[in-house]
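Enquirer: Each chain, written out:
Number of protein chains: 6
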Amino acid sequence: MSSNVPKLPQIEIERLVRIALEEDLGLAGDLTSDAAIDGNALARAAFVARADGVLAGIEFAREAVRVLDSAAQFDVRMLDGTSLKRGDVVAEVQGNARALLAAERNALNFLTHLSGVATLTRRYVDAVSGTQARIAATRKTLPGLRAAQKWAVRVGGGDAHRYGLFDAVLLKDNHLAACGSIATAVARARAHAGHMASVACEVDRLDQLDEALAAGVDVVLLDNMDPPTLAEAVKRTAGRAVTEASGGVSLDTVRAIAEAGVDVISVGRITHSAPSLDLALDWRD
Amino acid sequence: MSSNVPKLPQIEIERLVRIALEEDLGLAGDLTSDAAIDGNALARAAFVARADGVLAGIEFAREAVRVLDSAAQFDVRMLDGTSLKRGDVVAEVQGNARALLAAERNALNFLTHLSGVATLTRRYVDAVSGTQARIAATRKTLPGLRAAQKWAVRVGGGDAHRYGLFDAVLLKDNHLAACGSIATAVARARAHAGHMASVACEVDRLDQLDEALAAGVDVVLLDNMDPPTLAEAVKRTAGRAVTEASGGVSLDTVRAIAEAGVDVISVGRITHSAPSLDLALDWRD
Amino acid sequence: MSSNVPKLPQIEIERLVRIALEEDLGLAGDLTSDAAIDGNALARAAFVARADGVLAGIEFAREAVRVLDSAAQFDVRMLDGTSLKRGDVVAEVQGNARALLAAERNALNFLTHLSGVATLTRRYVDAVSGTQARIAATRKTLPGLRAAQKWAVRVGGGDAHRYGLFDAVLLKDNHLAACGSIATAVARARAHAGHMASVACEVDRLDQLDEALAAGVDVVLLDNMDPPTLAEAVKRTAGRAVTEASGGVSLDTVRAIAEAGVDVISVGRITHSAPSLDLALDWRD
Amino acid sequence: MSSNVPKLPQIEIERLVRIALEEDLGLAGDLTSDAAIDGNALARAAFVARADGVLAGIEFAREAVRVLDSAAQFDVRMLDGTSLKRGDVVAEVQGNARALLAAERNALNFLTHLSGVATLTRRYVDAVSGTQARIAATRKTLPGLRAAQKWAVRVGGGDAHRYGLFDAVLLKDNHLAACGSIATAVARARAHAGHMASVACEVDRLDQLDEALAAGVDVVLLDNMDPPTLAEAVKRTAGRAVTEASGGVSLDTVRAIAEAGVDVISVGRITHSAPSLDLALDWRD
Amino acid sequence: MSSNVPKLPQIEIERLVRIALEEDLGLAGDLTSDAAIDGNALARAAFVARADGVLAGIEFAREAVRVLDSAAQFDVRMLDGTSLKRGDVVAEVQGNARALLAAERNALNFLTHLSGVATLTRRYVDAVSGTQARIAATRKTLPGLRAAQKWAVRVGGGDAHRYGLFDAVLLKDNHLAACGSIATAVARARAHAGHMASVACEVDRLDQLDEALAAGVDVVLLDNMDPPTLAEAVKRTAGRAVTEASGGVSLDTVRAIAEAGVDVISVGRITHSAPSLDLALDWRD
Amino acid sequence: MSSNVPKLPQIEIERLVRIALEEDLGLAGDLTSDAAIDGNALARAAFVARADGVLAGIEFAREAVRVLDSAAQFDVRMLDGTSLKRGDVVAEVQGNARALLAAERNALNFLTHLSGVATLTRRYVDAVSGTQARIAATRKTLPGLRAAQKWAVRVGGGDAHRYGLFDAVLLKDNHLAACGSIATAVARARAHAGHMASVACEVDRLDQLDEALAAGVDVVLLDNMDPPTLAEAVKRTAGRAVTEASGGVSLDTVRAIAEAGVDVISVGRITHSAPSLDLALDWRD
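Protein chains in written order, with this note's numbering: chain A, 1 to 285; chain B, 1 to 285; chain C, 1 to 285; chain D, 1 to 285; chain E, 1 to 285; chain F, 1 to 285.
You may find that some hints are simply not true.
As the list claims (entries may be wrong) - Quick list of in silico lysine-lysine cross-link-like pairs, DSBU-like style, CA-CA up to 35 Å:
#1 K235(B) / K172(B)
#2 K7(D) / K7(E)
#3 K85(E) / K172(D)
#4 K235(F) / K7(B)
#5 K85(F) / K7(B)
Simulated from the structure, these hints should not be mistaken for lab results.
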């Protein structure tokens, strides 16, 4: 396969770009360029990295330009997932000057945020390299941006985890308490959710882990355990379920967690707290 | 006035919460709670701060609960803008257990992000306290969240700055180059944008500043100047325009910039890179 | 648990009812009732079964009435999932006469279709009773109605199966051909789709089944196999994966397929060809 | 005129296809093809009839492909309204392999359902051939699909009847009771609905028919009358109004109803209970 | 019947009010009231006529207030269709001061425009009083406001005419030319459009009128004929079709046209050029 | 600059045209043309002025045609802002005959309304020519059309004024009363609305004007003052703020107001009561 970079549905890209342009152009459009720039003027510019990181979102940039000038030329120089070095030219664009000026910030808002997510994800992925652990996102995403952020996590080398409440079962404290036992909860989940939905169960203690494994869950979510306990949990699990560690994971702690042998480590901050990656649009004469 | 906390239009809150719930519930709804929780069960819980910061977004939390259980009781204990201490109870909620479980993460995604924006803004505001400088947001916002983020900046004590390309003029390099001179650019902007739109002009050098002031701009955006140059710019401006500093502002540099005497300091990272503030929903028996 | 009837997200019910009312009322509203019925007149009526079957969709009926008369009283007499007998009163409603007349056909269009889906599903479920086989839906749903139809299948006692291309992997001929082998395809799927997504593989022959099982799939989709072959497939699988039979399943053939021992039988016609169940609104004086 | 096949507005086709793709692709897109198929791979395939019937919906299939791959080639081989024989190639398509795989089921869901509606309609039309009776749809349509289903009925040779409550007057029991007499009801309808809206009146008995005719209605809806009564009604009407029979019409009874001489026979099941017509996408090497 | 004022579907009112509020509140809401008015302050005010005319749109005003303050009290003092005198109090409202200030202009924009349409319509209706002629609207409406404007015409005593291209047939020059003859055009229209759609034909000359009547049209649209020709046309028609005059109708000419005996006179300017009726919100202490 | 005609964002044009086409085509499309016109027929036509005025809206016409026939040729002969003479050909169009017939009224509804707004604006602008006064719109716009109407005002040579409650501060009676003084109100506005939002204050008397000027407002809105008072107000203002006259401005009074020396005159009727400008589509053989 030429590329294993995941692909976000184009209709989602179109939806988000339209929302962004609507909130930026409002009812009046671009007051400044309409006043100062000739409607027929052309311009050239390049999207350039101003910091090292992982590129994500180039199709959003292309779409922002396309909506404002369907005749613009947009040449992608680097694909999503590329490791950027400061100064790298990511894409070159040529088209109507007013359109490019209006597209600029919108394109960059997607590029810098999604590249920020991908970059932070890659840092976690790199931090556990050599172990079997994979880094996964959570549902702690920014409202309206879940699809885009989960995709950026995957671009950075992470896993999307479930996308919402609808595509997998994750039994937590409240669910277990309401059902009386893990066994009952899992049985209900299997009966209710159908044969294609994975069933995960959050466990805080090793005795709960035993119960969950006995109940035949697909994934055990080992919540807030320290590395030695995680190692013991992995050992007890013995391949009967996917092991996932969660809770308070940081770049400082993730390596130790990975070395405990878990299969997956889920990290909220790669979506809820990723700083943006600096990219800019450099104008060419 | 009882409160000077800004208010986001309720229809915008409703719009965003609906988008968030749709992306979380998808076509199937909450597989887990539907399987494990009795449809008539009730629950009580409290939104609690797990870190110090500034609260923003409580009406989003209320709306997320309301959409899923219109009969739920939602008691706000602290208003947006409150300085939170770890452990503070922000709101208490009582209602259908399934509804609260489904609302939980959605409510928190709003609360933690917007409180994160407000908290970081407040840190900048505090960093310049005692000076005349105000902290302002930029158009570097996350797609789809501009209204909410600008509002959170205001909750944190900052200014919203312009909301998009539509509500004020900001002449930059490209515009000035296309017009040949600052005077021409400003004249066109005044003619084009109407008498209610402010006209700002970005200047990189002091000679440009003189030109801009001569042209009668409302705001001069002093881009990437060091504090001594800013001080000189403020002096030359002599109250004829609002002075705004921008470019590479961080918590390390903001105080010196403020002390140069500028009126406004615009900071991209309070919207594009604010880490979330930790809040959680604690379940009560 | 008081009830294990699945619940469709209320926001999806609201979305669909609004679409239905918009297409029925258009720009002019109800020409007939506006002309003939006093705007303040009240009326009473009852939703009544005119045939035996399984009820599904009562919340759609309630919502259609509510949108047109928020003060109307809607008393549910039978819950979704109930086995109806001809003549059963499903719900009673009282409210503005014009509103009820306009709501009538819209409410019934939901009720009769979704009850039709639930009823046909139940017939399949009953046909395999006593076996371990579960009946499941497919992606062969009517455009715009997938969530509602999948839900109605579940109300009828079936499984939803995956909801779309987004929530599970199903490797078919083309995918396997493109990857060169089942093992490669499964490996790519595991790497790509993350640890929460089930991986199913369609197999046409027993040697493919062996390959799929060796590759560690979660579900084997046994396509168009006759019962003896299915029985052999189940035997070979030996619990290592969920076995699902598909292809040309009808009420005549489903029992034999079930008796071959498969876990799941997926049936397209319960969604793409379910005849409506006859219900009507009887007006009371 | 080269063709009298009715045309559905393209913007309605676009609206429905987008809804269908959104419910199928969700937030994550096509997990399977993204994992298993090279993003640049091309494929060829043909839409083929697997049963005899009437084709309807080919523009939906084209649009589903176009949205996912704007560069795909889609060659229509048979027009909507064509009588299909099992094995007929309806259209050939060539384009991005991932796009075609994702479009497949969505295109087929439209094609098989709408062709099902057209095919069942045609069976009713054929059943009354040689009589003057036309077959018409009702408002008993599937929510969200009214425009598409009414159109498919017309493709099958039937009439659309009114599209909703907004485009014609149909006085039923409740309306007549509220007005006190048919004459009053018709007078109000004429005054209220304007000169372009037809006025129909449902009658259960011949004396009501006389009243309705005296009141000058455009259409008499003869509800649940047996063929001899219908014949008498037609005779009494003597061309003064269009005669329409409705209520419990099936393929067994429709011929006798038509032979009673009515102008129109409306049939709910051509929209609420039409089984799908089997079509498939055959992949070419 | 207590009232024969037509009713616009509430969901259309809600749709339009939301659009209006979104364009007025934008991303930032009401900057002025948020700054100057206490968030808990209450206010009272009254909608008052500042000119004589016909009231239309009071439910839009109510909805604008309701969306911004669901607890506000809105007391309707005069119903749509009422003949207003300058100074009449139309409705009284009490609620959150910020909400009322934001609702004010939005409510008035609906009220003044729709009352303007109703008022101008009433002037035409009054101008033909004593004749049999009815005044009707056209498709010359303002984009996005067709339902509301047609409704306002009806409130003013006029007819809505067809609502769009979808609900009746109107054969004009181009259609007749394409069909070769009126007879052919009418036959095709009858075959195509179904038995519930009226068929109108535009005629410019009396010989065309004879053709149209022979073809059995429901309505003849007599385009741009002078009163004597209209009178001759009415005579020839002799009740076989509804006669409608159109083209260049003004308050100066409408009476003579009506006295020629036509049934309907359609007037574009009641929708495309109606001046607003002056109403205001008077604040009470 | 080649042209200083303002530009409405294309995405707003697309949004409005889609709404217009949806309300005109409904569920059934164009019954008449579908019946009478061959689906492959081509036609040619020209948009022609039937009265003198100012052209506005040609891009809406183009878009209406494009949506219905993406292959149609649309040749703009005159740009928005052109002074039209009766008989001028504005644009020529060639394409699918059905598409052009369906687009005709929709295109004209935009063209005639927006040209009507531009034309009336131009009359006010011409009426004050030679003075320094500019004509400005208000928030008294038609619901859903604010962006388009404000744009048409600018095409006619006027100013847009603020677009909504969100982009500038305008302190009126209620705000001043609530704050106790103009000084307090302005201070709150400055603190609340940020440095980019202009602050205007409505004043009814000259002593209020002094207060407002002392408070440092950007714009003084001189409400319902006669020309001598306005002249005195202008004199007192002495360039310290933009002076805007409003209230009861008509073509009869506007010149005298302008000659009083104000900078801006805002006129509600250019948006709420502009009669349409007559344009038509002439068909070519």
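Enquirer: If you check each hint against the structure, which ones fail?
Expert: The structure breaks hints 3, 4, 5; every other hint is satisfied.
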